[in-house]
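Asker: Full structure from sequences and hints, please.
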Amino acid sequence: MTAVDEDLAGTWAAWHAERENDLRAPHGWLSLTGLHWLDGEARAYQDLPGTWRAADGGAEVTAAAGDDVSVDGVPVDGTVRVEPVDGKPGVLVAVGERRVEVIRREEHVALRVRDPQGPTLARFTGVPAFPVDGSWIVTGQYSAWDAPRRIDVDTVVDGLGFHPTAVGTVRFTLGGEEQELTVLGGEGGELRLHFRDGTSGDSTYGGGRILRTDAPADDGSVRIDLNRTLNLPCSFTAYATCPLPPAGNVVTVPVEAGEKTPV
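For the sequence shown, the numbering used here assigns the number 292 to the initial residue and increments by one for each residue that follows.
FRET-style restraints, in silico, Cβ to Cβ:
id : residue 1 : residue 2 : range
1  : G489      : G450      : 23 to 33 Å
2  : V365      : E469      : 50 to 60 Å
3  : E374      : T302      : 35 to 45 Å
Calculated directly from the structure, the hints in this document are not laboratory data. Every residue, glycine too, gets a C-beta built ideally from N, C-alpha and C.
Answerer: This is the structure in structure tokens:
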């Protein structure tokens with residue numbers, strides 16, 4: 292192994308360890324233990340105290356002072372309304388050590404229960420991945436659209452859509468074949484590439500994987516390190532509502548790099 296290979300392997304190992312530590316967060320994706328879609332009727336769910344219902348695009352939680360339910364640190368004693376935003380992280384309601392995330396997806400409102408003692412988190416031992424290989428690092432060319440576009444994609448939930456903001460396309464060569472993907476915008480100018488490839492549904496998650504890149508250079512060039520391709524939350528839990536890749540976002544060669552299907 293050359294010094295360059297050792298440096299690549301070392302930086303990747305540190306990145307991968309940080310990724311796994313993030314997944315171990317007490318209220319992260321691996322802590323999910325339930326997903327409940329609300330309607331207009333106040334109901335009790337799972338072993339949650341109080342009742343919950345959808346109301347005018349938000350949700351109402353009704354609990355007594357002794358139920359150990361709070362919103363923004365304020366105990367609930369009666370009925371409190373919370374207003375999640377479509378497609379964004381939800382509003383967290385504390386229920387003891389658990390967190391009930393109230394989410395909105397299109398016109399639907401749901402509860403996601405996050406339990407630091409949940410079974411998925413308890414049995415997590417890490418994320419399998421392909422061996423790091425410098426041949427999976429390529430330079431792409433980013434072409435920004437005149438203006439960002441709201442696009443429509445399907446999700447893992449039948450009948451439920453998602454509407455991310457796409458900002459342009461990126462072209463690159465992989466395995467001797469030209470690739471072009473629609474890219475989504477991220478924080479600080481980063482690009483997000485959500486795609487399927489020949490490994491999807493085999494050694495990697497069938498719903499595709501995602502890669503975040505740094506912001507492109509002034510000339511549009513962008514470093515694409517496929518060793519850092521990530522699983523989406525739905526590869527770990529049945530209680531997420533992950534989007535599927537934008538139409539046409541299929542890499543024509545098997546990308547045997549990055550994270551594999553969790554075991």
